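Participant: Sequence:
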Amino acid sequence: MRVDGERQARRVTPGRGMRIYLTGADGMLGRALTAVLRDDPRTSGWTVRGVSLPDFDIADAEALDKSVDDFRPDVVVHTAANAVVDDCESDPAAALRVNTRGTRNVAEACRRTGSRLVYISSDYVFDGEDPPRGGYREPDLPNPLSVYGITKLAGERISLLVPGSLSVRTSWLFGGTDPRLDNVLAMGRAAARGDRPRLIDDQFSAPTYTADLAEALVFLLTRERPVEGVVHVANRGSASWYEVGRELAAIARDSGRTWPEPERVSMDACGFRGGRPRDSTLNTDLLAGLGHTMPTWQDALRRFFEEALT
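The numbering used here numbers the first residue of the sequence shown as 71 and each following residue consecutively.
A portion of the hints provided could be inaccurate.
[To be verified] Here are the computed distance ranges between Cβ atoms for each label pair: (1) R268 x R142: 45 to 53 Å; (2) R334 x E294: 47 to 55 Å; (3) D272 x D110: 35 to 43 Å; (4) D272 x D210: 18 to 26 Å; (5) V154 x N213: 16 to 24 Å; (6) R167 x R142: 21 to 29 Å; (7) A164 x L231: 19 to 27 Å; (8) R343 x R167: 14 to 22 Å.
What the hints contain is simulated information worked out from the structure, not anything from laboratory work. Small disclaimer: the values here were computed from a predicted structure and weren't measured. C-beta: ideal position from N, C-alpha, C; glycine also.
Given the sequences, and given the hints that come with them, work out the whole structure.
Facilitator: As structure tokens, then:
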């Protein structure tokens, strides 16, 4: 159903004149995507405007509308979110304000201007209780266990109402600068202090390097035939954070560094406020069928170690 002032998404063939509007530009994925868009020959001629909280709050519809209207983007990539799961559980109103109302504002701006919307969603839309063999596929039924997961699923459904939109589900991001959001970075900080990290050994998903996610997003953005609906994008494989920590320690020792082995801890012993899926591994066969195969999480972890933790 069309709303007053709504326009059909513009069918723009990717080329040097593309205009990309990026929310959450100073976040973990926003920084990685900005760098890839700048450096990739396919997108180096594109015009990118990144906005983040210091510019305005995406829950402020008037400020967002003015910014989008001034730029007139072909595509809006919406990465901004409240992604600290326990913070969302402690303050559901704040989580709804950013993850749901903010996403609604972005979606309405896209409908009004005819911009294509690419929304970044999460594996936490699944409950992880009985995951299908090979990981969750795009049509599998979501059932979030936390306020964070509920608000991300709501944002996903709002986004999919925009003509031509794409919702990209991803999982367990690393590659940033905030150890509250990046468990791999937190492991590195702990190792630098000589601390032995306590890591969960009974929760599983696909650790995903933001640089690899950004490369996949560029692949999707540069296709002549746009991909619509839901696509899973994550590094291949599945692991617990304990297994990630052991792999990281092995990589560090291979490079001649002293690195403490992690200590096992159960998820139930951590005292989390919000529910977490036990196994939310995402299946990425659809993305591979489109022509883009993700690297394994082990390969991604080694590259991140070499680039950021040495």
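Participant: With reference to the structure, classify each hint as holding or not holding.
Facilitator: Verification of the supplied hints:
Checked against the given bound of 45 to 53 Å, the beta carbons of R268 and R142, roughly 49 Å apart, stay inside it. The beta-carbon spacing between R334 and E294, approximately 48 Å, falls within the hinted interval of 47 to 55 Å. With their beta carbons about 38 Å apart, D272 and D110 fall inside the hinted range of 35 to 43 Å. Between D272 and D210 the CB atoms are about 21 Å apart, so this pair conforms to the stated range of 18 to 26 Å.
Taking the beta carbon of each, V154 and N213 are about 21 Å apart, inside 16 to 24 Å as hinted. Separated by about 27 Å at the C-beta atoms, R167 and R142 satisfy the suggested range of 21 to 29 Å. At roughly 24 Å, the beta-carbon separation of A164 and L231 lies within the given 19 to 27 Å, and the hint holds. Between R343 and R167 the C-beta distance comes to about 18 Å, which sits within the given range of 14 to 22 Å.
Violated hints for the displayed structure: none, as all numbered hints are satisfied.
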